[in-house]
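Each chain, letter by letter, is given below.
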Amino acid sequence: MVNLTIDGRSVSVPKGTTILEAARQVDVHIPTLCWLEKVSTTGACRICAVEIEGVDRAMTACDTPVKDGIVVTTQSDKLTKSRKQIMELILVNHPLDCPVCDAGGECDLQDVCYELDVTRQEFKAEDVNPAVIDHWPLIQQVPNRCILCEKCVKVCYELIGADALFVNDKGDRAFIDKKVENCTYCGNCVSVCPTGTMISKPFKFKARPWALKKVPSVCTYCPSQCQIDLNVKDNEVYRVTSNDKGTTNIGNLCVGGFFGYGYINNKKRLTEPTIEQNSVSWDRAFERVVTDIERIKAENGAAAIAGFGSPRLSNEENYLFQKLFRAAIGSNNIDTEARFGAQRALRGLEKGLGLHGASHTLESIADADAILVFGADPSAEAPGVDWKIQDAVRRNGGKLVIANMREIHLTQFANSQLTYKPGSSASLAKGLGRLLMDRGHLNEDDLKRTVSNLDELKTDLSSVDLDKVIEATGLNREALELAADIIGNADNVAIIFGSDISKSSFGTSKTALIANLAILSGALNSGGGLFPLDEKGNTQGALDMGVYPEDLPGFQSYSENKDKFSKAWSCVLPDGGLDADGILQEIEAGKVRFLYLAATNPQSFSNSSRWMKALEKVEVLVVQDIFPSEVTALATVVLPGCSYAEKTGSFTALDQTVRSANQAIRPVGKSREDGAIFAELSGRLSKTSVAFSLAGTKAEILELTALYEGASTLDDDRRTCTRKAYQAADQSLNYQLITEDQGVEGLQLLVATSSGHFGTTSTWAAAPLEVEPEGMIQVNIEDAKGAGVADGELLKLTSATGTITGKVLVSGKIPQGLVFSPNNFIALGVQQLMPDGENMTSVQIAKG
Amino acid sequence: MSQVAFSSWGRQVIDNRQGGDAEVEVAKKKLPVTFDGEKQISAFMGWDGLILNDPNVDVVAMAAEYAERVQEDYCCAKCSPGRKGTRVMQDTLARIVSGKGEESDLDTIENIAELLQNCKCTLCQTSATPIVDTVKHFRDDYLAYINGTAKEKKAVDYKVKMTAPCQDKCPSHIDIPAYIEAIKNRRFDESLSIIRESMPLPAVCGRVCPHPCETACRRANVDDPINIMVLKRTASDYEWQHNHQPPMISKPKRDKTVAIVGAGPAGLAAAYYLALEGYPCTIYEALPEGFGGGMIAVGIPAYRMPRHILQRDVDIISAMGVEIIYDTRVGTDISLMELKEKFDAVLMAPGAHKSKPMGVEGEDEGYKGFLEGGIEFLREAYMGKPTGMGKKVCVVGGGNTAIDCVRVALREGADDSILLYRRTRNEMPADSWEIDGADEEGVQFEFLVLPKKIIVDDNRQVTGVECVRMELGEPDDSGRRRPQPVEGSEFVVECDTLIPAIGQDPELSFITEDTGIEITRWNTVVTKFVAQKNAAGRDLNDEMGNPLSRVLVTDMDGVFASGDAEIGPLTVVACVGNAHRAAKVIQRWFEEGEAYLTDEDFHEDILTHLGVYDKDEEVPWLDAVKRFDQKEVHGKERASEGNYNEVELGFSDTDAVIEAERCLRCYRVSMIAV
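Sequence lines, in order, name chains X and V. Heads up, the final residue of the first sequence is numbered 848 in the numbering used here, and it's a clean run with no missing numbers. Heads up, the final residue of the second sequence is numbered 1674 in the numbering used here, and it's a clean run with no missing numbers.
Incorrect hints may have been included.
Claimed, not checked - Pulled a few chain X residues facing chain V out of the computed Cβ check, cut under 10 Å:
1. V55
2. E88
3. K170
4. N396
Simulated from the structure, these hints should not be mistaken for laboratory data. Here the structure is a predicted model, which is why all the values come from computation and not from measurement. Each residue gets a CB set at the ideal place from its N, CA and C atoms; glycine is no exception.
Could you put together the complete structure from these sequences and hints?
What follows is the structure in structure tokens.
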């Protein structure tokens, strides 16, 4: 510890602490303007300068580390004078447009001027500020308001890794410029701007900050679930902000979080119920649904009725949905789109590790010494995870290994990029396992304690043929060894895997191999952890609530716990139950006649045309959603539900942390909270009056499941609930024996989410759509040449299930032999090309 | 009569304007009389004051121009006083010069100068120094402008250049503050790009540079210098450790071609900069493939410079449009004249690969165990050839090559490795850390001994060396005390191998007489130069005694020279700086038909001769963070037989950032009126 005196007060702080941080510990206030805790210090404004005995110049408190025995003075006539005069310099040619400046009322420059009593201007100079920059999408830059604190530059570069913003030109002409092609439109430059220099165009001139109410919520676009505040007025969401303090995302947001709120108040929202496309009252709509359920039940039994819950809905809503089906309707034919991804990962993790999701909290990623990102693009799938990885590898000395079929945003920070050939992920995982053993990286003691089948593990690893791995993956031995050594030499290993694994064919087996790697690398016994990236915001919650036929809420086997729940719900739960594939087949077979789609659009499922054909065949199609689509057009009854902004409920992040989103606005139009809709239907079906009660639902979940046993809940705005820390119990881990890949032939089309969009919902928000208006098909330059297409031209893709045409983006990140397409754009229709439940398929390409 | 009318340089005011002839030391000895051999230097304005040679120079206009250049061309805008303060300074001075000033403007100038003391770095801060000097000492001139009575003065031309003490001291003039600031901002790739603008072998100079820059680091005036070299290594290692592709893109190929003799630091550096400009280069290298790098490859052992990392730097240069023809010795396999015929220009950078003779009795006898020289020993050891080394090895010399030899001898399996040096450890020219390294590995030192005679047995095998004890006498020209033999102190050091390592010479026999190219008596190539004299009439030379401003073209049109063979045996960083200039001269010769030096070159040389670093300057700063040295492998095992693993381990990124944050960013602006 270092001891020092600040304004006569003694303080003892760890080595490396700055004078500013030390001063805050003893409540000594030093004015700052350019200082931002979450980025490196800049020392640009110079107003935090303090005097130190024996040092013949003022030193800036923000970037001067403490030294033992120093005597610091933060207030003196000399300091006051120079601080005031420096502020006067900063204000030279600063415009007096505060009344119409977006930062008015929340401007640090105003605040510091006020604090330092800067009321005059001593200096004058020619105004050489460049003109307002208006040609960037979504963000406007007003140079004459800029104090060049570089907060925006630093957040962009250090935290997001975008490196878009930079200081251009010299002297007083200098301004913040942008390499627009690098911009991810995360909006953090706007958030951190202390003045009105960086302006959100969608927000500009819309509302004064003090007129907005900030409602604590969580962003439900992706499973990292950043903690946000919805800024609302007059039943409209005007902008989204996030606090640096008390949030796991330390105030950082991505394009979805910052700019993606536009869908909430989109005028095209479904605002009233319809029956056969005609507007009706809620009462008539409910009546129709209930009548049809009862009729079909009477004719064919409840097994002719099926439904989809959704990772877009809250935990309570999903709970009520499954209860509606199982208890009130009497059908266990329920599933979610997690069937095609997260469900597979869940099976692989459950069988091998007894896990139902991530093992650790997101924070532990930042402290990992080595991170393996396998078949995932965290920047697109869960940006909050990306930022933790950057914390680890850019600031905390961690090393990064990326195993992916293509290069991703994080590749620039990777010590090892293993670009494996399509169809070789299993070989790669096994090869890495073998090398961890061969190169002496296994912790025998840990393995003996935790693994139940250590002999099988060793025999299996010994049988891995590295030459075959090298051939299958297209990687060289040195690259594989380097990656194994990085993982093997680390104390704390984090493993993150995503949709390339879980959404692929044999996703369960591939997950099992990742689970094996977690065992072998010690990820489960260390401070790192294992993290599956779910595709949608509340996928984990939908799984937790048992919205699939195999399990009841809380991962309780349906068959084994049927009686328990029958008793609790005072009903007789049916036997069996169809999953998504079963439902599809039974619709096609004419056996499922009634389908309830809650916040689910099968147009985004693989082989979507087969699904659409099936939907046409469904006799009664009930669609509960927020936007019109080809699916609502087919619907018998449309029930307008709500976005997360319009309701209160809990959501579960990918690290199993549960947080509440609070209702910020009333449901738009005549739409209703989804939970209330399920409750009303349950009531009508069971002929009892069931009022929707959030508290009651929560209590019921707590009573019937062990999901939150041992969890700790904070008394904060979001009731943050963190699960009990995971620890691998003795003999609890099972190394799973998986055979290797089958391999693939020919050009492969891979689909996954774009980093600019989230599901299809964000395509209803104007801002993300402005920067990425359509799905572009990404191809390697050689494949583009082969097909005779250039950047921006049309390309025709043909698979076994269909043909589509889209615009080409020639990309150096895509290796030859691979084609990548985002799956967020229904208009592009790439899901029509995919085989059932798969994310990759052979395609032929030709000039379109 | 003094040359100088006024000087405030070094904070010492000498005013001869009203008569008087007080001398200004720095002006008399350090500054040349002319800027470029022709134009007289009328005034010099910079971070430490003003030197006015010609009283007819308009000092007010010069201050206004200086303020404008600082603000518009150099101010980085990254701190408020600098960005805004120098703008107010510029406008205030401009107002005065345009006749619209008021007397209160002079107070504003002094007020701003005071505020500039709060700046983040020294660029804008030091710019206030000469300006305030003019306000203080040329107040009448200012008042004349303000009162509208200013008279027209001598028309001058201004030459402006930004520098920093470390950058100036670096023979390659790398923009050190900029690359350190990039590291501070965790922009390692950007840092490397800045380094490459002046240093195409960053991995090498991040490891084996004697880093003269660190002897001119102002942070040393606070506590210890910044670890500039290891920060360079950090930037360079970051690129390959993250598989990033070097970003350089050569300009489209041009039709003029260059032949380069030698793929050493000079040859490679010249090729790099010429290739960037689109000129195809072909390097002829006597060593076989895999040994690109010249003296770096065969003279610096792999435990200091890992081969795969050196090879990467060589491969990067090759990929830029440089062909290296190995196993081809110019003079033997192809003649210089043939190259002259085949190519549009020839650059000779053969290095200095021949050991100097030691002058010991028996050295010409061809005894077994008496090796040709240190540099030959290192080369053969590295190339895996038999070195002829036994088990008990004596190396004679005190430079880095001698140290490399004793340390390599251990790694080649010597039981005893002994260094014989005629002075003491303090006088050794080798870098102190290299001597410490040898010490740690178990090398034995015999100081104050001079080998006299080689002792052999009947089989003409070396069994020892007879030496005489020395004692230190009076200092010689180099300032080191001259060793003198102690009479009757002869004794024998037993050994089976004796390696002389007392210096190297270039091998210039390939430069045949018919070329007309002259060779100096120090066995270096004569190149053309612009003679610069100081006010005392003495020629200004560089540290090696060569003329200060050399054009690097030989007496034969189209034939240029660079590196050790031009400068005299020196360092990688000196060769690179020299070659970079050679490349620019060659480009000018191609494009403009004339090989010449630019204003920038002259200004650079003038500042280097003047010295930008002042070791006596008081630098107020809190010495809270100590210099951080890289970790290294310790223990004798690191020098066990066959162990050529790298000894020094570099910085982690975070260590590097903390070290970079210590940098005081000592930029400053020089302006010369001619």
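### Task
Check each numbered hint from earlier against the structure, then list the numbers of those it violates in ascending order.
none
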